[in-house]
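With these hints in hand, go ahead and build the complete structure from the sequences.
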Amino acid sequence: DAGVTQSPTHLIKTRGQHVTLRCSPISGHKSVSWYQQVLGQGPQFIFQYYEKEERGRGNFPDRFSARQFPNYSSELNVNALLLGDSALYLCASSLGRGESPLHFGNGTRLTVT
Amino acid sequence: TQLLEQSPQFLSIQEGENLTVYCNSSSVFSSLQWYRQEPGEGPVLLVTVVTGGEVKKLKRLTFQFGDARKDSSLHITAAQTGDTGLYLCAGTNYGGATNKLIFGTGTLLAVQP
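Going line by line, the protein sequences match chains A and B. Going by the working numbering, the first sequence opens with residue 1066, and the numbers climb by one from there. Going by the working numbering, the second sequence opens with residue 33, and the numbers climb by one from there.
Among the hints, a few may not be true.
[Unchecked claim] Some chain B residues judged to face chain A by a derived CB distance under 8 Å, without partners named:
1) Gly-74
2) Pro-75
3) Arg-92
[Stated by the list, open to error] Computed footprint of chain B on chain A; a stretch qualifies when at least three of its residues, placed anywhere within it, have a C-beta under 8 Å from a C-beta of chain B:
4) 1097-1106
5) 1109-1118
6) 1150-1161
7) 1169-1178
[Said to hold, decoys possible] The following label-pair restraints were derived from C-beta to C-beta distances:
8) A/Asn-1136 <-> B/Gly-84: 39 to 45 Å
9) A/Gln-1106 <-> B/Ser-59: 14 to 20 Å
10) B/Leu-90 <-> A/Ser-1072: 27 to 33 Å
11) B/Gly-84 <-> A/Thr-1176: 41 to 47 Å
12) A/Pro-1135 <-> B/Glu-47: 25 to 31 Å
13) B/Glu-37 <-> A/Leu-1104: 17 to 23 Å
14) B/Asn-125 <-> A/Ala-1067: 29 to 35 Å
15) B/Asp-99 <-> A/Thr-1178: 45 to 51 Å
16) B/Gly-85 <-> A/Asn-1136: 38 to 44 Å
Worth flagging that the hints you see were computed from the coordinates, not collected in a lab. Quick caveat: nothing in here was measured; it's all calculated off a predicted structure. C-beta: ideal position from N, C-alpha, C; glycine also.
Structure, rendered in structure tokens:
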């Protein structure tokens, strides 16, 4: 079975632009979570979606938004990009029930210049 | 705010040596997970510990959850070059609608041949 797939793998944007990152979960997984990992640090929680509804939001500004589609894939949108948004954006999927483990994709490396 | 501090931040050792990585918090967690992340990839789950005082072994890796469920350690015996990577601990509190992970600051391990 395919793992969590994310696209694109790398992206370069300019300050002020917006970006859309995409994630396809493992087949059968209904929950998708997004994390931001700045170089040299551990990932930070941005959003969790389960059955197309937002279940949790981390401490990120309103420039960050996400959604989950009927096929459980997800998009993360970031508006008005800042230099500090440069990071590895990780998507993780899970069955979404209780203590089901997270499976991470390889991320999208976003560079804002 | 729940925080997880890992020590050391960086560790460079020779093949065959033993090492211990620590993960500490002032907060209690329902469970704690350990991940390994290699360059260009997402974190991969190594183990989940749930019960205070629990010890789990995965080949040469030994994981322990503190009695008070606030800290954890990872011990590697006879390190190999393939153990090189970023080790992340992550805590979670189940019971709510969100299964977000709170990641530690990370320990970058380099095992030299």
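For each hint, the structure was consulted:
For B/Gly-74, the shortest C-beta to C-beta distance to chain A is roughly 3 Å, which falls under 8 Å, so the interface hint holds. Hint status for B/Pro-75 relative to chain A: holds, with the closest Cβ pair at about 5 Å, below 8 Å. Using the Cβ-Cβ criterion of 8 Å, the hint placing B/Arg-92 at the interface with chain A is not satisfied: the shortest such distance is roughly 22 Å. Coverage of the segment 1097-1106 of chain A by chain B holds [criterion: at least 3 residues with CB-CB distance below 8 Å; count 4].
Here's how the segment 1109-1118 of chain A fares: 4 of its residues keep a CB closer than 8 Å to some CB of chain B, so the rule of at least three is met and the hint holds. Counting residues of the segment 1150-1161 of chain A whose beta carbon lies closer than 8 Å to any beta carbon of chain B gives 4, which meets the minimum of three for the stated coverage. Coverage of the segment 1169-1178 of chain A by chain B holds. Counting CB-CB distances below 8 Å, 4 residues qualify, and the rule asks for three or more. At about 40 Å, the beta-carbon gap between A/Asn-1136 and B/Gly-84 stays in the expected band of 39 to 45 Å.
Between A/Gln-1106 and B/Ser-59 the beta carbons are some 19 Å apart, a value that agrees with the proposed interval 14 to 20 Å. Against the hinted window of 27 to 33 Å, the Cβ-Cβ separation of B/Leu-90 and A/Ser-1072 comes to about 32 Å, which satisfies the hint. A beta carbon spacing of about 42 Å between B/Gly-84 and A/Thr-1176 agrees with the range 41 to 47 Å that was offered as a hint. Between A/Pro-1135 and B/Glu-47 the CB atoms are about 50 Å apart, so this pair departs from the stated range of 25 to 31 Å.
Range check, B/Glu-37 to A/Leu-1104: Cβ separation about 19 Å, and the 17 to 23 Å hint holds. Under the hint 29 to 35 Å, the C-beta atoms of B/Asn-125 and A/Ala-1067, about 30 Å apart, fit the expected range. For the pair B/Asp-99 and A/Thr-1178, the beta carbons lie near 49 Å from each other, so the given range of 45 to 51 Å is met. Our hint of 38 to 44 Å for B/Gly-85 and A/Asn-1136 holds, since their Cβ atoms are close to 43 Å apart.
Hints 3, 12 from the earlier list are contradicted by this structure; the remaining hints agree with it.
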